[in-house]
Amino acid sequence: MRYIFPCELAARRVVPSIRAGLVTVLRHKGYNYYQISKLLNLTPAAVSQYVSKKRGGKIVDLMLKDQEIMRKLELISELIIKGESEAVNSEICSLCELVRRKYPEMIRTFPY
1 MRYIFPCELA ARRVVPSIRA GLVTVLRHKG YNYYQISKLL NLTPAAVSQY VSKKRGGKIV
61 DLMLKDQEIM RKLELISELI IKGESEAVNS EICSLCELVR RKYPEMIRTF PY
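Numbering follows the UniProt record's numbering, in which position 29 of the sequence shown is assigned residue number 29; successive positions increment by one, without gaps.
Watch out, some of these pointers could steer you wrong.
[Unchecked claim] Simulated restraints on C-beta separations:
id: 1; residue 1: D66; residue 2: L9; range: 16 to 26 angstroms
id: 2; residue 1: R27; residue 2: C93; range: 33 to 43 angstroms
id: 3; residue 1: E97; residue 2: L64; range: 34 to 44 angstroms
id: 4; residue 1: E105; residue 2: A11; range: 15 to 25 angstroms
id: 5; residue 1: Y3; residue 2: R27; range: 29 to 39 angstroms
id: 6; residue 1: L62; residue 2: I4; range: 18 to 28 angstroms
id: 7; residue 1: Y34; residue 2: A87; range: 33 to 43 angstroms
id: 8; residue 1: N41; residue 2: P104; range: 26 to 36 angstroms
id: 9; residue 1: K29; residue 2: E8; range: 17 to 27 angstroms
In case anyone wonders, no lab produced these hints; they're calculated from the structure. In this text, a Cβ means the ideal position worked out from N, Cα and C, and glycines have one as well.
Working from the sequences, and respecting the hints, build out all of it.
See below:
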């Protein structure tokens with residue numbers, strides 16, 4: 001069996017779900033696709049794919065129902081809007097660990 005580093009797995013599975021969650025939160029705040037694409041350094045087409053759930057996987061559905069995760073997504077979205085990149089990085093790492101801890105079976109089994 002091949003060993004996969006936790007951050008490698010997170011990059012493939014968790015980070016797209018975090019992006020999808022952030023897109024959802026920013027849409028609820030009234031941002032359009034173009035504004036979100038600039039804030040998250042994505043293309044408007046990628047934002048559209050996150051909204052339509054073509055990207056981000058099924059983990060995002062679980063994340064959006066979890067109050068603790070939603071609080072973190074709200075906090076991260078506010079930090080992004082304010083341009084506080086160091087705090088954003090720290091909070092994203094913290095959220096990634098939380099998602100990996102709460103949904104380990106989902107991260108290993110959902111293909112993208």
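To see whether the hints hold, each was checked on the structure:
1. D66 / L9: 16 to 26 angstroms: With Cβ atoms ~19 angstroms apart, the hint holds.
2. R27 / C93: 33 to 43 angstroms: Distance hint for R27, C93 is violated at roughly 24 angstroms.
3. E97 / L64: 34 to 44 angstroms: violated, 18 angstroms
4. E105 / A11: 15 to 25 angstroms: With a Cβ separation near 19 angstroms, E105 and A11 satisfy 15 to 25 angstroms, so the hint holds.
5. Y3 / R27: 29 to 39 angstroms: Because 37 angstroms falls inside the window, the suggested range holds.
6. L62 / I4: 18 to 28 angstroms: holds, 21 angstroms
7. Y34 / A87: 33 to 43 angstroms: violated, 24 angstroms
8. N41 / P104: 26 to 36 angstroms: holds, 28 angstroms
9. K29 / E8: 17 to 27 angstroms: With a Cβ separation near 32 angstroms, K29 and E8 fall outside 17 to 27 angstroms, so the hint is violated.
This entry does not satisfy hints 2, 3, 7 and 9, going by the numbered hints stated previously.
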